[in-house]
Amino acid sequence: MRQFEFERRHAPLWRDFEGWLERRKMRRKRGKEIDGDGLRADQVPATFRAICSHLALARDRQYSPFLVDHLNQLVLAGHQVLYGASTSWFSAPWRFLAVEFPRTLRAERQLFWLAALLFFGPFIGISVAIQFFPGLASLLLSPADMGRMESMYRPEADRLGMRESSTNVMMFGYYIWNNVRIGFQTFAGGILLGLGSIFFMLFNGLYIGAVLGYLQQIGLGPQIWSFVAAHSALELLAIVISGAAGLKLGAALLSPGRRSRRLALTENAKIALKLMLGAALMFVAAAVVEAFFSPLNLPNPLPKYVIGIFLWLLLAAYFWRAGRSRAA
Amino acid sequence: MRTAYSSTTASANLDTVVRVTTPEGIELALHPAGPVPRALAWLLDLTWRFALLFALLMILPIFGEVGQGIWLLIFFVLEWLVPAWFEARLGGATPGKKALGLMVLRDDGAPAGWNEALTRNLLRFADFLPLFYMGGLLSMLVSSDFKRLGDHAAGTLVVHRASSSTATEVPKVEPEAPPAALDLEGRRALLDYAERYSQLTAERAEEIASVAAPLLGTATTSPAQRLLGMANHLLGRKRTDQQDQANAPV
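Taken in order, these protein sequences are the chains called U and C. Those letters in the first sequence? Residues 106 to 433, per the working numbering, in order. Those letters in the second sequence? Residues 720 to 969, per the working numbering, in order.
For the record, the hints were derived by calculation from the structure and aren't laboratory data. Virtual Cβ for every residue (Gly too), placed ideally from N, Cα, C. Hints are not guaranteed to be accurate.
[Claimed, not checked] Covered stretches of chain U (chain C as the covering partner; in silico rule of three or more C-beta atoms under 8 Å from a C-beta of chain C): (1) 175-181; (2) 281-292; (3) 358-371.
Okay, chain U solo, but in the shape it has when bound (with noise of 0.2 Å):
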């Protein structure tokens, strides 16, 4: 069949299966149903498959190029229609936190506890060793850094953590912007086959490490502690999730099994996107917890102790518990 022939018999075809993809853009548009004289939706996958032959035809009979591109693009645009549709957890939140993130990560604890050694080794190490050793504190931390600790987690400061001036939102904001960003950091990182995940890591638990050890040695340790106590638990694990994402990043370059680099590297970027995305949520948290009530200096600490402890514990059960008895 010449070309002219095979125009004039699909063209209608064509235009009517146009027709449809452009009231469907309409539609989404708008937000409502416009009913047009056009194709039903049951009628779509039929009309969607002939064009399909028709391009192959057009292929396989060298018709004219424009012709074949014409197909080319009606093709693609049925293709993007038919078979976008993903299946995101991101459309269900609740089941997400409830049953697809506390199981993903138990599925990746290995990951989870190197992660966790990565950080709180040196957190731990450092923090130690600066009651000994006081001299260390300054080879992490500068001078002005140390000037602004002690100001801000003096005791008789109305609120701890911040400047004089500052206010919760502002403070809040300030958590997001840096915190979370921290958290991606240490997630991209990881691309790199996991080292930037684990520089990351040993950075920020040696700094936090390090100031913290420092405001316990020169006596600032009640004021720290009673600061840190009640965010500690959803933004230390936070880190640590993060990092353990990122690993998990790492490990498909690193050992890919049997697969491709590049497959394992998709495959495992979906489950390091959703231990990732469960981090961000704790920061968020853990930030609202940070600018609002960490602050308080209150003349008793001991409820910020208790809901710290509480905290630690709800985040041990939930990562422990939550999600192992719904069926797959």
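Given the coordinates of chain U, assemble chain C onto it according to the supplied hints.
Showing chain C alone in chain U's frame:
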């Protein structure tokens, strides 16, 4: 204008085309975008983001430190989440990509969803390393389909959005059978020429047509018109006298 060739090997080797096989057994041709248009798109995105942040920086301090906190929140959302939102929900392209005619697709040719968009946007940080997206550029240069690290992890491609093909008609000329049988490539070349004829100046059209002199013989007044006639023949247009016969009442 990019054109999807199916079997002409020469153009397949010249052009960067990713072929995706659909469940219907059809191969779709996607055209991945290289570093330059993507860098320009990134620059545009950076510009509007910073313009917005700068404008807010002028306004928000009215609300004191609360305003600063809100500004930092907006900074965070614009930096990490808004690009993903554009790519997942608003036509697969950030404003910069849209301006450059690019869009993000999954490897299988389907539109990117939240998973893919978030993954590739969070990993932008790794692509940025060591500085100014050197890592991403390197990754794009060594992969055949211009993927930065984030694209590898997310399983996405940045492609040139198909330009709505301007349906150029082959000019109607009295059909004329070619003097010799043409092979596939010859027919393809002839049709290609005929479809582009209307975009060429008359002089250039004649000049190109003169390449086909061996086909046309020497005694030709206008090579271009005769080539168009052959193209009409290949397309299957009827001669006017035949058409009259066909339409004549019996």
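Status of each hint after checking the structure:
no., hint, result
1, 175-181, "holds (count 5)"
2, 281-292, "holds (count 7)"
3, 358-371, "holds (count 3)"
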